[in-house]
Amino acid sequence: GENVEQHPSTLSVQEGDSAVIKCTYSDSASNYFPWYKQELGKGPQLIIDIRSNVGEKKDQRIAVTLNKTAKHFSLHITETQPEDSAVYFCAASRTNTGFQKLVFGTGTRLLVSP
Amino acid sequence: NAGVTQTPKFQVLKTGQSMTLQCAQDMNHNSMYWYRQDPGMGLRLIYYSASEGTTDKGEVPNGYNVSRLNKREFSLRLESAAPSQTSVYFCASSEPALKQPQHFGDGTRLSIL
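Order-wise, the sequence lines are chains W and X.
Residue numbers for the first sequence, in this note's numbering: 1417 to 1530.
Residue numbers for the second sequence, in this note's numbering: -9 to 103.
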């Protein structure tokens, strides 16, 4: 089955710096890679996702890159702000017909200091 | 627009007691999910419902039952609570094209003594 590893487990940056979180996956048939942001006391929220037919996707200050050959994908946050402080989870799944299990990484706690 | 609403937010039970966690979404989504989140274990899928009237087991279904009452509501029941079920429970929903959780509720923090 799929296994997703996420690094680092904690990341501290200064406001305005960039932050990068990396994930690797094991199942070469996985083709859907979402990222979730979880603020303290809240549920995770989908912030961006990428499918295996593209190598990069951007949405304002966040971007995700995918390297299918190396089986890793990364979340990039530029011009970080204190409100970016949260736990970020990566995940991977296939998208065949029917339900496909989404496997989550163990999370990265991002702290952005003013 | 409330999104995904879970009740209760907190609950303490004694071993052997039963309870139902409620979840409702107002986004007209077909798919709904129940996850549990434990330290160091990440999010694990308990049950999934692709549409009203259908439910499927996830990774950790033992000790739980679910009901997809209608398109809006998806409840999770613990028939005989055990300390190992102490966790934070999240309900989620997604639009039909996505087939993976998109919007999560704020969770139910459940402690079983």
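In case anyone wonders, no lab produced these hints; they're calculated from the structure.
Just so you know, even glycine gets a beta-carbon here, dropped at the ideal spot from N, CA and C.
Careful, some of the hints might be misleading.
Cβ pair distances, simulated, as ranges [claimed, not checked]: (1) W/Gln1497 <-> X/Asn18: 39 to 45 angstroms; (2) W/Gly1471 <-> X/Glu49: 26 to 32 angstroms; (3) W/Ser1425 <-> X/Asn18: 26 to 32 angstroms; (4) X/Glu85 <-> W/Lys1473: 15 to 21 angstroms; (5) W/Thr1494 <-> X/Ser8: 46 to 52 angstroms; (6) X/Ser57 <-> W/Asn1512: 23 to 29 angstroms; (7) X/Lys47 <-> W/His1423: 41 to 47 angstroms; (8) X/Ser74 <-> W/Lys1484: 36 to 42 angstroms; (9) W/Arg1477 <-> X/Pro51: 34 to 40 angstroms; (10) W/Glu1472 <-> X/Leu59: 38 to 44 angstroms.
The calculated DSS-like cross-link candidates involving lysine-lysine, where the alpha carbons are at most 25 angstroms apart (straight line), are [said to hold, decoys possible]: (11) W/Lys1487 <-> W/Lys1517; (12) X/Lys(-1) <-> X/Lys47; (13) X/Lys61 <-> W/Lys1458; (14) X/Lys4 <-> W/Lys1517; (15) W/Lys1438 <-> W/Lys1487; (16) W/Lys1517 <-> W/Lys1438; (17) W/Lys1484 <-> W/Lys1473; (18) W/Lys1474 <-> W/Lys1487; (19) W/Lys1484 <-> X/Lys47; (20) W/Lys1517 <-> X/Lys47; (21) X/Lys(-1) <-> W/Lys1453; (22) W/Lys1517 <-> W/Lys1473; (23) W/Lys1484 <-> W/Lys1453; (24) X/Lys61 <-> X/Lys47; (25) W/Lys1474 <-> W/Lys1484.
Evaluation of the provided hints:
no. : hint                                      : result
1   : W/Gln1497 <-> X/Asn18: 39 to 45 angstroms : violated (33 angstroms)
2   : W/Gly1471 <-> X/Glu49: 26 to 32 angstroms : holds (30 angstroms)
3   : W/Ser1425 <-> X/Asn18: 26 to 32 angstroms : violated (37 angstroms)
4   : X/Glu85 <-> W/Lys1473: 15 to 21 angstroms : holds (18 angstroms)
5   : W/Thr1494 <-> X/Ser8: 46 to 52 angstroms  : holds (49 angstroms)
6   : X/Ser57 <-> W/Asn1512: 23 to 29 angstroms : holds (27 angstroms)
7   : X/Lys47 <-> W/His1423: 41 to 47 angstroms : violated (31 angstroms)
8   : X/Ser74 <-> W/Lys1484: 36 to 42 angstroms : holds (38 angstroms)
9   : W/Arg1477 <-> X/Pro51: 34 to 40 angstroms : holds (39 angstroms)
10  : W/Glu1472 <-> X/Leu59: 38 to 44 angstroms : holds (42 angstroms)
11  : W/Lys1487 <-> W/Lys1517                   : holds (18 angstroms)
12  : X/Lys(-1) <-> X/Lys47                     : holds (24 angstroms)
13  : X/Lys61 <-> W/Lys1458                     : holds (24 angstroms)
14  : X/Lys4 <-> W/Lys1517                      : violated (32 angstroms)
15  : W/Lys1438 <-> W/Lys1487                   : holds (11 angstroms)
16  : W/Lys1517 <-> W/Lys1438                   : holds (21 angstroms)
17  : W/Lys1484 <-> W/Lys1473                   : holds (14 angstroms)
18  : W/Lys1474 <-> W/Lys1487                   : holds (19 angstroms)
19  : W/Lys1484 <-> X/Lys47                     : violated (30 angstroms)
20  : W/Lys1517 <-> X/Lys47                     : holds (10 angstroms)
21  : X/Lys(-1) <-> W/Lys1453                   : holds (20 angstroms)
22  : W/Lys1517 <-> W/Lys1473                   : holds (23 angstroms)
23  : W/Lys1484 <-> W/Lys1453                   : holds (23 angstroms)
24  : X/Lys61 <-> X/Lys47                       : holds (18 angstroms)
25  : W/Lys1474 <-> W/Lys1484                   : holds (18 angstroms)
Checked against the numbered hints above, the structure violates hints 1, 3, 7, 14, 19; every other hint is satisfied.
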